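Model the full structure from these sequences, guided by the hints.
Following this note's numbering, the numbering of the sequence shown begins with 2 at its first residue and continues without gaps.
Note that these hints are calculated values from the structure, not bench results. All values derive from a computational prediction rather than experimental measurement. One thing to keep in mind: the hints can contain errors.
Simulated pairs of lysine-lysine, BS3-like, Cα-Cα distance not exceeding 27 Å [stated by the list, open to error]:
1. Lys62 / Lys26
2. Lys72 / Lys25
3. Lys26 / Lys72
4. Lys62 / Lys25
5. Lys75 / Lys25
6. Lys26 / Lys75
7. Lys75 / Lys62
8. Lys72 / Lys62
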Amino acid sequence: MMKDLFKMRGRKSLNPEVYELACKKCEYEETVQLANSIVTLPIFSYEAEEDVPRQVESLPKRCPRCGAALKRSKVPICLHWHS
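Here it is as structure tokens:
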């Protein structure tokens, strides 16, 4: 109840939507970012470029390797804007 008091209704979150996809049968794992989210920030990493998530229009439901169902879990990302 208290969370609803401080949340502005009708306002969409500015955080990018990043999901981890994993196949239940084979070893397939991938991190993707929804392209229809409001904020699309380039992610800079000092490590390998494999850490940059691929942008997709919609989340896939089937594994591209074996065709089994994918397990989708949202990665919590919170951006803080300072002026």
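Hint-by-hint comparison with the structure:
no.	hint	in the structure
1	Lys62 / Lys26	holds (14 Å)
2	Lys72 / Lys25	holds (7 Å)
3	Lys26 / Lys72	holds (10 Å)
4	Lys62 / Lys25	holds (12 Å)
5	Lys75 / Lys25	holds (16 Å)
6	Lys26 / Lys75	holds (20 Å)
7	Lys75 / Lys62	holds (14 Å)
8	Lys72 / Lys62	holds (8 Å)
Hint compliance for this structure: no hint is broken.
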